[in-house]
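In case you want the letters, here they are:
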Amino acid sequence: MIEVVNFTKRYGDFLAVDDLSFTIGKGEIFGFIGPNGAGKSTTIRFLATLLRPTSGEGRVAGHSVTGDPMAVRRVIGFMPDDFGVYDGMKVWEFLDFFAVAYEIPRAFRKKIIGEVLELLDLTSKRDDYVSGLSKGMKQRLCLAKTLVHDPPVLILDEPASGLDPRARLEMKALLNELKQMGKTILISSHILSELADFCTSIGVIERGKLLAAGSIGEIQQRIRAYRVLKVRVLGEDTTRAKEVMSNDPSVRQIESFDHTVTAEFVGRDQDMARLLERLIQSGISVQSFAEEPLSLEEVFMMITQGVVG
Amino acid sequence: MRLFDNPVLTRELLTTLRSPRAFVLQMLYIAALGAIVYFAWPAESEGLRQVSPSVARGLFDIFFLGQFFLVALMAPAFAAGGISGEKERKTYELLLASPLSPGAILFGKLASALAYLVILIVSSLPLMILCYLLGGLLLSEIIRAYLVLILAAGTFGLLSTACSSFFRRTSSALVVSYLVILPLAVMCVVLTRTDAPSVREFVSIAVLPPWCLAAWVVLAILVNRRLLHPPDVGSEGKDVIDEEEEMKYAIGVVIDRDLFPDKLFAPAKRTDLMPDGANPVLDKELRSEIFSQGTLMLRVVIQVSMLLSIPLMAGLLFLRSDKAGYYVAYVLTFNMLVGPVFSSGSITQERERQTMSLLLTTLLRPVGIVAAKLIAALRVSTVLTFLLTEQIVLAYVMLGELRARLWTLMVFFLIIAVTCLATSTIGLLCSALARKTATAMVMTYLALLLLFAFPIGVERYLAGDQRFTDSQLAAFTVTSPFSAALNVPMHTTRADMAGLNAQPLKVADTVLVNVAGLRLPVWLIFLMIYPPFCLAGFGLTCLVFRFRWWRAGVQG
Ligand SMILES: Nc1ncnc2c1ncn2[C@@H]1O[C@H](COP(=O)(O)OP(=O)(O)OP(=O)(O)O)[C@@H](O)[C@H]1O
Ligand SMILES: [Mg+2]
Chain A
2 MIEVVNFTKR YGDFLAVDDL SFTIGKGEIF GFIGPNGAGK STTIRFLATL
52 LRPTSGEGRV AGHSVTGDPM AVRRVIGFMP DDFGVYDGMK VWEFLDFFAV
102 AYEIPRAFRK KIIGEVLELL DLTSKRDDYV SGLSKGMKQR LCLAKTLVHD
152 PPVLILDEPA SGLDPRARLE MKALLNELKQ MGKTILISSH ILSELADFCT
202 SIGVIERGKL LAAGSIGEIQ QRIRAYRVLK VRVLGEDTTR AKEVMSNDPS
252 VRQIESFDHT VTAEFVGRDQ DMARLLERLI QSGISVQSFA EEPLSLEEVF
302 MMITQGVVG
Chain B
13 MRLFDNPVLT RELLTTLRSP RAFVLQMLYI AALGAIVYFA WPAESEGLRQ
63 VSPSVARGLF DIFFLGQFFL VALMAPAFAA GGISGEKERK TYELLLASPL
113 SPGAILFGKL ASALAYLVIL IVSSLPLMIL CYLLGGLLLS EIIRAYLVLI
163 LAAGTFGLLS TACSSFFRRT SSALVVSYLV ILPLAVMCVV LTRTDAPSVR
213 EFVSIAVLPP WCLAAWVVLA ILVNRRLLHP PDVGSEGKDV IDEEEEMKYA
263 IGVVIDRDLF PDKLFAPAKR TDLMPDGANP VLDKELRSEI FSQGTLMLRV
313 VIQVSMLLSI PLMAGLLFLR SDKAGYYVAY VLTFNMLVGP VFSSGSITQE
363 RERQTMSLLL TTLLRPVGIV AAKLIAALRV STVLTFLLTE QIVLAYVMLG
413 ELRARLWTLM VFFLIIAVTC LATSTIGLLC SALARKTATA MVMTYLALLL
463 LFAFPIGVER YLAGDQRFTD SQLAAFTVTS PFSAALNVPM HTTRADMAGL
513 NAQPLKVADT VLVNVAGLRL PVWLIFLMIY PPFCLAGFGL TCLVFRFRWW
563 RAGVQG
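In order, the protein sequences belong to chains A and B.
Adding 1 to a residue's 1-based position in the first sequence gives its number in the working numbering.
Adding 12 to a residue's 1-based position in the second sequence gives its number in the working numbering.
No lab work stands behind these hints: they were computed from the structure.
Glycine included, each C-beta is placed from N, C-alpha and C at the ideal position.
Possibly wrong hints are sitting among the right ones.
Claimed, not checked - Just the calculated beta-carbon pair ranges, DEER-fashion:
1. B:Lys102 with A:Ala274: 56 to 66 Å
2. B:Pro32 with A:Arg11: 21 to 31 Å
3. A:Arg53 with B:Pro195: 43 to 53 Å
4. A:Thr124 with B:Leu375: 20 to 30 Å
5. B:Ala47 with A:Glu58: 51 to 61 Å
6. B:Val316 with A:Lys210: 56 to 66 Å
Chain A extracted, bound-state conformation:
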């Protein structure tokens, strides 16, 4: 549904996005993550037909982003990361404005506006001035705006920033609902826990380079080679356990706290079993020996640190 091929963007000498390629299939929810200034918004603006690439090509629903921007605009709902609202307009006028701009006939408009307001829980604000809404409400209003023309593809740049925890949960529910409706969604964020639950795939970008892209499972596979080991021992065995572990070639960076030794492990599964054997042979009372499950957050931290290539 969305396809980016060798997208590169330079601002003067500064290379903001470097040779980015990825594809997003129909019905997928693609989480686009990366630290500040990584180039997420740049890529998203390119896909939203707002930015001319230095080189590269993009396609949304089969239409070329650079060749046929009007067709692309018809099929996307775009929410920018930073946006303003018009002064002197009420909420319904704002939505009506965009509905007209998307050429929706008057007969449908009333119904649609009512529906999106209902969907985003803004019905009570229908007659308020948009410039008087709080930040989170503006955020919701903007999302409502992206839905008025019922686009099959949604491109959302940090839609949850500025929302309170409750509204975040609601936003998640809403996105899940949109997922059920079969929409393809590209969503960027740096708050990963937000994306973890419902994204079907993610792309990690740092300093303009795509470090990893694929389904969440795939990415975790790649991180297999690198895991965190947590060993809990009884009594005064902590120092000895540390000693034994540090002699193992697959272990790096050992830290101990209380009765727990944490280490980075870069070996294979067999190496891990052998390490456990050795610990027990040394007479250390191992209470637990386990691999820490990686949260998306940690995956992100590792990838962006360049630990995983």
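Given chain A, put chain B with the ligands in place with the hints provided.
Here is chain B with the ligands on its own, set in the frame of chain A:
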């Protein structure tokens, strides 16, 4: 109060003076002044003794007047964005919440706005001294002139800063500053340049300084109060403006969308969905955005212009009906001042408010957006301008000698209409070119001055010169609506006021200009060149609008 260790001042000075542009501009300025002196310098062969003093006086006049109007034009351009710019950039609250005192903020803003202007003025001093060496000038005269210039810079700068603290938008602050400053500037020039030397001296030494100081104190206190207890913070200094609420506390003119003539430029707000096929941008501009900054600016503009029009009407229409062209010139000046307000912000504001990306991802096409913006701006500025023409209509109805030449009324109306079109189109073009509204506005004013006022100045300057015929000189001014209005032939002798039946009147000769073998009056050429020019400007605006964001990417 921290004066020179003032972070506001330091930051502003760093950003303005550090730029190479500032330096280049100063070089150009000095070069231009130098060129004038060079060309006007009496040649050896001319009897130096007789010629020099008059040359020196001429140069002195040019320098003084030129710099005075430079101050009147540039002081608001630099100062009117001082505080409103902070509001627009959403840094106003940060600034107010800092431990800087309001006085320090005001001083920093004012000093940084005026520093460059003062540098320019002072750097012309050596050239002035050169003229002094030609003889014919008194040192006291030069000192007096510079005193007036500095006083004017201070007063105009402070006035603009005060406007800046009262309005939310730089554009509003700028236009109100100009509207207040231009009459003051004209008055000041008239007073300090009368032929009676004693009056001159008296005014510039004994009257101006105390009045200016008093004005400074009052303005400083007002601004100080406003910065100390800002009524306009919260949601970045732009709270929701409820028109009805505002009207309740309005003084003087109120704007009522339901009444004539206000509904001409401000159609009622929508209560229901737009009809199919409406241009949403046009609808939005006219119904929602025109008053989004409050109606204060518009009300001030309407009131001041009406106030000024009364004595002008008496003098130029009813007492000397042959001077009707000058009244039209006043209407044109008004349009020149107010027209750009509604057009030069229309594209930059979308950028500044970060609504551009929302607008551009819809199915609206650039031509549709730009056309809507132009029509909305044109409509408001035309209606406001034509409000001032009812006095002309009145004069044509009441005065027989005018009634006899009814076609000139049509010509005047056409000139005014074409001027409205020109100011709006140029404003819109600048809005597409610039990044900030304030820049766009200043660009528009400069372009308009260059097209409208500059040719007249040159014509007047060269008027006595034998090398040019009247026709050649007139040809130079065809871009100026002022020239067009003043070249509409009016009768030269007054009609008998008692009998409304006009007597046969002598009509002034019209200067004709050669165009491709035809000899046409200036006003006709003016009316013919602007429509295609505006069409081209519109096309250019669409192109710039399209390519600008496409090239650089939309910010926000
Ligand atoms: N118009 C521009 N001119 C110059 N540089 C730019 C421009 N826009 C973006 N950049 C630079 O490009 C880089 C990528 O910016 P981008 O906005 O895409 O980051 P981002 O991933 O969205 O970050 P954030 O999480 O903070 O929103 C940044 O380093 C930024 O400084
Ligand atoms: Mg971003």
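Outcome of the hint check:
no.	hint	result
1	B:Lys102 with A:Ala274: 56 to 66 Å	59 Å, holds
2	B:Pro32 with A:Arg11: 21 to 31 Å	24 Å, holds
3	A:Arg53 with B:Pro195: 43 to 53 Å	48 Å, holds
4	A:Thr124 with B:Leu375: 20 to 30 Å	27 Å, holds
5	B:Ala47 with A:Glu58: 51 to 61 Å	54 Å, holds
6	B:Val316 with A:Lys210: 56 to 66 Å	59 Å, holds
Of the hints listed earlier, there is not a single one the structure fails to meet.
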